[in-house]
Structure formats: structure tokens, C-alpha cells
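Peer 1: Residue numbers (my numbering), protein chains in the order written: chain A, 1 to 259; chain B, 1 to 151.
No lab work stands behind these hints: they were computed from the structure. All C-beta atoms in this analysis are idealised placements derived from N, C-alpha and C, irrespective of residue type, glycine included. Each hint should be verified, as a subset may be incorrect.
Mimicking BS3-like on lysine-lysine, the simulated pairs with C-alpha atoms at most 30 Å apart in a straight line are [unchecked claim]: (1) A:144 x A:251; (2) A:100 x B:132; (3) B:52 x A:185; (4) B:58 x A:185; (5) B:104 x A:161; (6) A:71 x A:87; (7) A:87 x A:154; (8) A:144 x A:83; (9) A:100 x A:161; (10) B:120 x A:161; (11) B:104 x A:185; (12) A:100 x A:144; (13) A:144 x A:161; (14) B:58 x B:104; (15) A:154 x A:58; (16) B:53 x B:132; (17) A:58 x A:71; (18) B:53 x A:185; (19) B:151 x B:104; (20) A:144 x A:185; (21) B:132 x A:161.
Selected chain A positions facing chain B (in silico; Cβ < 10 Å) [to be verified]: (22) 166; (23) 168; (24) 169; (25) 185; (26) 186; (27) 188.
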Amino acid sequence: MKRQLNKLLMIIALLVSGTVGFPLQAAEPHSGYDYLTQSTREMQDDEFANPGMVEVEKGKRLFNRVGNNGKSCATCHGAEGEKLNTKNIAHYPVYNEEFKEPFTLQMQINLCWEDQLDEVPFIYDCVDLVALETFVRSRARGEKVNVDVSGPIKPYYDAGKELYNTRFGQVDVSCAHCHEMNAGKHLRGQVLSQGQTNGFPEYRLGSGRITSLHRRMTECFRSFRAEPFDLGSEEFINLEIYLNARGNGLKIETPAVRY
Amino acid sequence: MMKQLNYLPGLMLLLGFALPAVAVEPYYAWQVDEFAINQPLGGLQGDPARGKKVVIDKNRGNCLTCHAMPIPEEPFHGTIGPSLAGIASRLNEGQLRLRIVDEKQINPMTIMPGYYRDPKNFNLVLDEYSGKTFLTAQEVEDVVAYLMTLK
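Using the sequences and the accompanying hints, generate a full structural model.
Peer 2: Encoded structure:
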């Protein structure tokens with residue numbers, strides 16, 4: 001009897017403390033920007049101080065580079081990308097009806113590169129493609145992320161959500177453990193953010209490099225001693241769909257500055 | 001023939017010294033009883049001084065990542081888990097051991113890794129950690145011994 005009472009009290013305590021039993025409420029999305037110090041925010045906001053702008057310039061050069069058939073991205077979209085539809089950029093990933101699969105922004109850029117410029121397509125997430133993605137997404141700075149998951153992309157979004165909540169690796173944690181249940185708390189000297197994606201590709205002060213979303217997820221996986229999925233894999237693309245949609249309403253900050 | 005085997009005793013001696021150093025610790029099964037593991041893993045004896053080193057070591061216990069502890073010489077203690085100051089006056093040795101070995105036995109939703117779970121239960125582990133527990137049984141016992149000093 002005493003034993004049963006003990007167990008009952010324990011369960012009640014856990015329920016009350018909210019650590020088990022109730023489905024977690026999705027908190028209002030907060031950009032990683034909200035977790036930065038004032039000086040880092042100023043660095044991101046200042047076009048001349050933001051180190052990610054080097055990548056934007058590199059992407060712009062590629063955007064204006066003439067391909068095998070004499071055309072460049074700029075032929076259709078303008079030298080500064082000014083003819084790009086920024087609302088469309090904020091929709092990615094989208095479902096591509098022709099290919100019958102979800103398309104990330106990188107995939108769309110790569111398809112243009114191959115079809116419109118008659119060029120050899122890039123390997124997914126290679127430096128040049130990330131530079132192009134950084135340039136294109138930076139055109140939509142300030143635009144609100146707006147991924148529509150009601151259509152045929154829904155099953156991929158659901159698969160991404162499931163991965164997000166799956167434990168991986170020897171540390172045996174899911175994305176949600178850090179970025180939903182413990183966002184805002186300190187992991188040693190580091191503050192855990194919500195892991196939002198509105199700033200990608202982003203400049204990382206720690207490594208001094210521009211980092212794509214898939215690269216960042218690879219780092220996360222390794223940190224909990226799990227074998228990462230491949231860059232551009234179905235799993236990472238599904239996660240990207242879920243992550244971007246999870247941040248719907250946040251403003252695009254590419255290239256964001258993060259730690 | 002004899003000449004060719006001249007090196008054999010030397011080789012055997014070398015192997016004899018080398019083998020204990022590379023021998024892998026077996027995985028000791030453990031048993032939960034009343035929210036505690038009352039028997040030390042493998043019957044091993046813990047050492048609090050070694051345990052403190054494991055607790056701080058970023059590649060081993062790394063407890064400070066999530067927990068504040070009475071170790072003021074180390075900066076930036078985490079705030080994910082509760083403070084462990086005075087933990088030994090709240091939990092006994094067996095209860096502490098279960099929380100280190102596999103906190104999920106108590107709270108299935110926890111972010112805390114199980115430091116001595118059966119490696120078979122992990123999902124997509126990096127090759128270099130495959131088949132290994134997070135801490136060795138000796139390290140777990142050392143950490144338990146250290147935590148027991150935090151009255």
C-alpha cells in the first residue's frame with residue numbers, strides 16, 4: 001500500500017511539474033536573433049559589419065556568371081536578383097508537381113543552373129550552391145517565412161515532424177529535447193535557442209564560416225553522437241520542411257550571425 | 001625452426017602486457033528495485049576523487065553542461081537540470097545510481113542521457129561509440145561516490 005502510494009505521488013509530482021504526460025504546447029516562434037547579445041545583433045544588422053555579406057557577394061558573382069548557353073541567373077532575375085519574387089522564396093520548400101517531390105530552394109536553384117544555363121548541376125550543399133542560396137535568400141530579407149503544408153507536401157512535413165521528435169545517438173535525445181523543451185536555458189555557457197531556420201545559411205562566429213541548414217543539422221547529430229543523415233537526403237529535406245514551417249511568420253534574416 | 005621461434009616468448013610477454021590495457025569492460029546487467037539500483041555495477045568500488053574528474057570532463061560525464069554543482073573553479077554551469085548541491089541529502093546511493101544509469105526509468109521524457117544503458121537500445125549511433133555505454137561501470141561508480149559526498 002505504501003509502495004503504491006509512493007508511486008502515485010511520484011506520478012502526480014511529474015505531471016504537475018510538466019515533465020511528462022502532457023503534450024508540450026508549441027511556444028510562439030522566436031528567431032535565434034532574440035537569443036543574441038546586443039553587439040552580435042548590431043553586427044548582423046549592419047550590412048558592412050555582417051561577415052555573412054562576403055558570402056552574399058560570392059553568391060552574387062555566381063548569379064551573374066554566364067553559363068554554357070550564354071545566359072546567367074541575372075538574365076531572368078536581374079543583376080541584383082531584383083526580379084526574384086521574395087514571397088516565393090519565403091514559401092520554400094515547396095512541392096514540385098513536375099518531379100512529384102518536395103523542392104528545397106537549393107534544388108530549385110540547381111535545376112535552373114542545369115536547365116536554364118545549360119551547366120553541370122552542383123552537388124547538394126557544396127560551397128558554390130550554398131553561396132547562391134545565401135544570395136537568393138538574402139534577397140528576401142525581412143519577408144515572413146510562409147511554408148504551406150496543407151497540400152501534397154503534408155506527408156513529408158509529417159515525416160519531418162516525426163524525425164524531429166525521435167531520439168538519436170548515444171546521448172539519446174531528439175531535436176525537441178533541446179529546442180522545444182529547454183529553449184532559453186543554459187547548456188554550459190551557451191543559451192539554447194528554439195533552433196529556428198529563418199537565418200540560414202548563417203554566419204557562425206565559432207567556426208568563422210557560412211553554414212547551411214543541413215550542415216548545422218549534421219553538427220547537431222554529431223554532438224549527440226549520432227550518425228548524421230546525408231546532406232540533401234530525404235530525411236534532412238523532410239526536417240527542413242518541418243523546421244521552416246515551424247518558423248512560419250518569422251522574418252528571413254539570411255545571412256544571420258550566430259555563435 | 002628453433003631460431004624462427006626465438007621471438008615467441010618475447011611476443012607472448014608483450015601480448016601479456018598489452019592485453020589487459022585493451023581489454024573491453026563487459027556490460028554489467030543491472031536491476032531496478034523501488035526506483036533505485038542498490039547493487040554497485042559489477043560489484044565495483046567507486047572513488048570520489050576520480051568521480052569529480054569524470055563529472056567535469058567534457059568527454060565523459062560532462063555533468064556541468066546541464067547541472068549547477070558546488071565546483072566554483074569551473075565557470076558557466078548549465079541550467080537544464082536541477083542543481084546537484086546537497087543531492088546526497090535528498091537521494092540515497094541506489095537512487096543516485098539509477099538516475100545516472102538511466103534516468104528514463106523515472107522520467108521517460110527526460111533529456112538526460114542514460115550513462116549506462118544497454119548500447120543495443122541506441123538509435124543511429126556514430127561508429128566510434130557503437131556498442132559502448134556512455135560511461136564505463138567504474139566511472140559510474142566513481143560518480144556515485146563523488147555525488148554521495150555532496151551532503
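Peer 1: Check each numbered hint against the structure and report the violated ones by number, ascending.
Peer 2: Hints 2, 15 are the ones this structure does not satisfy, whereas the remaining hints hold.
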